[in-house]
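Order-wise, the sequence lines are chains F and H.
Residue 57 is where the first sequence starts when you use my numbering, and the numbers rise one by one after that.
Residue 808 is where the second sequence starts when you use my numbering, and the numbers rise one by one after that.
Simulated from the structure, these hints should not be mistaken for lab results.
There is no bait here: all hints are sound.
Derived CB-CB ranges, DEER-like:
| hint | chain 1 | residue 1 | chain 2 | residue 2 | range |
| --- | --- | --- | --- | --- | --- |
| 1 | F | Arg193 | H | Pro829 | 18 to 24 Å |
| 2 | F | Leu205 | H | Trp999 | 20 to 26 Å |
| 3 | H | Leu931 | F | Arg312 | 55 to 61 Å |
| 4 | H | Arg1004 | F | Ala216 | 19 to 25 Å |
Note that this is a predicted model, so its numbers are computed, not measured.
We put the beta carbon where it would ideally sit given N, CA and C, even for glycine.
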Amino acid sequence: MIDEPTPILELRHITVRYGDFTAVDDVSLALPKGVALGIVGESGAGKSTLARVAAGLIAPTAPGTGSARPGTGSGYRGMGSDRHGVGPDRDPAPRAEILLDGMPIAPIRRTRAQRRRIQMVFQNPDSSLNPSHTVRRILAEGMLLHGTLGPHPSHERVDARCRELLHMVGLGESDGLGTAVAAGFGLGPADLAPRADLDDILDRRPHAFSGGQRQRIAIARALAVEPDVLIADEPTSALDVSVQRDVLDLLATLRRTRGLTLMLITHDLGVVNEICDEVAVMRGGEIVANGPAATFFHSPLAGYSGELLDAARSVALPGGAA
Amino acid sequence: MTTRTASSASSAVPARDRAGRPPRTLVAGLVLLALIVLAVALIPILSPYDPIAEDIAAMLQPPSPVHPFGTDQLGRDILTRVAAAGRIDLALMVGVEAAPFVIGTAAGLVAGFYGGWPDRVITLLSDALIAFPFYLLVAVVAFVTGTGMKGIFLTFLIMGWIIFARTVKGATASLASAEWVESARVMGFSDWSILTRQMLPNVLSQAVAVLVSDMVALLVAIVTLGYLGLGIAPPTPDWGTMIADGQSFLATRWWVSTLPGCAVVLVGIALALIGDGLNDARRDA
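One chain only, chain H, in its complex shape (with noise of 0.2 Å):
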């Protein structure tokens, strides 16, 4: 009887996994944002001008080799300023996107997992908090708060974590009844355990992939609150500012707006290829 099982397990050692090189927009993202970060990052420190001195003498040049993305109306180095608002803005993308995701990404692992209560609570909750306009939200918080880091930070806390409960609450849902949890309950592992260590790995490349995404928005969140005199206050440098700074004289003197907004842009275009891969490699894995 036994000797039939053979030739199917002689085959055991299965074909070879997949390459398991990532996607080439992943690694083009990645590099873009490395480069990015890189150059936020040295430029401050290399540069010889300063991005808040204000040099009347200087103000409005175009690009050139002593000022390589020309000055604003202050005379103020416009690719120090970029940089140094780089730094800034990037930093405060990362830490304001910290919290709502593993908020929302706890949330929407109870939510999904235990269903019942959880769930209703968190998707009233959710519901409630989306149904309100987000720029009157922003008004709002930057109303009781004051404009700047503080009332960015909350005001994303509040709203942020939705997307990723909802992303994580239906990936979880669905897998919530897979046989291989089931398998995981009859083990003996506890609630906990099944879902920081058996469902979470499952469920993160989709958080992580709406993360990325999200990012996308959020800057673009933040430039434009910095535009509209919602964001961070001057003199300190920020891509929005940089951009309304320079919109009186767009006709005339491009580079203010325009450079400040490329920076967005190439940010804008790495996370975009780092959220493509991302989704490219789960759909392959």
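Extracted from the complex, chain F is given alone in its bound form (with noise of 0.2 Å):
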């Protein structure tokens, strides 16, 4: 593990349950400041509804009730304005508990701090931007709600921004991503695509945009709010095979440049394995292996693992893990 005292986004005994169907049961995690985690299972492991709780998105289930229900911060007994429910004396589970930097955050009822500090890009780029909104109001409502600009920046200013994350995640720029991001985003007046090209852009809405442009723009609107860690579900899955690369090594890139704490959830072993410091391996909503990805990848496994992991070789892992 990296050796890090406090880890900047912490899972404690998560559970979520949908009536009687357990989507995540009693899992644990610590996610270290720079560290690149994936979590990998097959599809219904309950990766996706891990990244959710992490995120904010649902609450995880108290011990001994009902189902989790989006949106809400029932169910969960823990912090703030969530502490109501069932009483210690009469459950004696372990309680969830989502630490942030060490400290007990609410599942739902974040603060808006706490929110801008743990953003996600989704697995479908085809829904996850705002179609009646133009690619500059998606960038700029996050910096404008979260003040990252200041408390009242100019519109210059908030363009000048907007047209900075689209070169970061490579739209727009007149010789590709690749130079750009090879240089450590250091870019100068030549790599720079003309401004009108990215006022374009930023005139648009998504629908104007292919799968690969769009989870971009998504990435982008994420990284608009200057988060500490990144939690991608699946980030590729929607794309085609062709563009896949360009999103992951875009991941990687910034993970890099940026020292985001990346949280990757994905049933592409292959992608952990050029990506991630960190594997936790997930089925039937528990996490059967956790540890360093050199490990899991060069080390014989047993039990699941070495099934998820031959079962990924057969199919010629990319990367190099084969």
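With the hints as a guide, dock the two chains, each given alone in a separate frame, to form the complex.
Okay, structure coming up:
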């Protein structure tokens, strides 16, 4: 494990039930600062549910109660406004907790500052951008909400930051993302696309872009508020194979250059092998293995993790892990 | 590793959006409606005739250069009265529709977004109201408030919001679980902000399309109420009352009923074209 005294994000005893179905079963997970954690597992393993809990979209189910309810604080016993429900004397089960920098945060009713620090990129770029908003508005509204450009930034300053974000995710560059990213975003004037091209992108709505471009915009939106943790839930699974690589490269580069802590949800072990430092394997709502990626990919494994790796190898694991 | 992104990123400037021109039906409807509004606004000012003052010497004259739409049974110039009635009926149509539109859209947003008990309460209320026969409700309200604008306004306020609430609720519910809504939550936007700034722009076009088509039905209802004597009280000109006034001599003095009826049809065509155009624009979006 990385030598980090306090994980930037920690989930403790997270359980999520939908009626009789347990999507996540008493999962605990620590995410040290700057680390890329890959959460892998088959469909229905509970990966996305766990990601949504971390992002504050789903409240964990309180022990001994019914379903988790998206968008509500109920069912969770822990801190702040959610401190209600089952009393400790009636419930011996471990209580669910979400900690940010070691401090407990509410599962849903988080403060604006807490929200800013954990951002999420979703699976389907076709539905993750508001279709009625322009790219400018999509990028600007987060930074205006959180005041990342100061209390009352001018339109020019907001536009400049939007253009910078587009460059950051490789949109509108005259010579492509590769050069710019390889230079660690040390963009010189020659690298930059004409301002008119960028303004053209900013004025458009999402439907004018391809899936890969939309996913880049979604990543730019998340970066606009300068988060500490980026949760990416299957960010390439809805994309063409030809653009999957671009988006993964972008995430890897952003992680390196921005010092982002990354939680990458995927069922693609090759992706994890390339990008992640640590791996957690989920099955049936539980974490069945958790540790450094190097160990996972290069040491003999038993049980489900070994089966998963063997299955991946049998379909030619990209990235040289096979 | 990163150089492979160059090819796709260099084509990052997308193809042009659609031409962005509004559908022809929308333009035609808006032009027709603008002409009608212009006519009903100007004719009463420019006309030498009073829409209410009677002139027995000129009664039931056929259309002529002096009276282009002829005169009615009390000698009043029908063109002036059609325009004056248009002012009242169109203003009533817009005024009566405004409050239900706002209330219904807000109720639909809340019901569709939150589901649960807000949805159950709004659905129960709308189901109960819609089961009540409309014209019976009109008669009851007219009995309580008397005929005239107050009764019409109250009746449509009670019933009119339902169609907007149902439309907006359906549209909102279908969007509520979209990832861009979840993304707004993760970003830290409040429910109010998500509803008004994120969801509303996406459902408003549907509500407006319903508004326009509902206005046609509302206009017909206003005219029908006038025809039945439950609407605007005489001598104030109203298309429904004017149609009713001429029905007893429809076979011999066709212009008395027919020309006010044509005004209703023209407004109906204009609104139908606008409604179709809005639907076309929404499909193309």
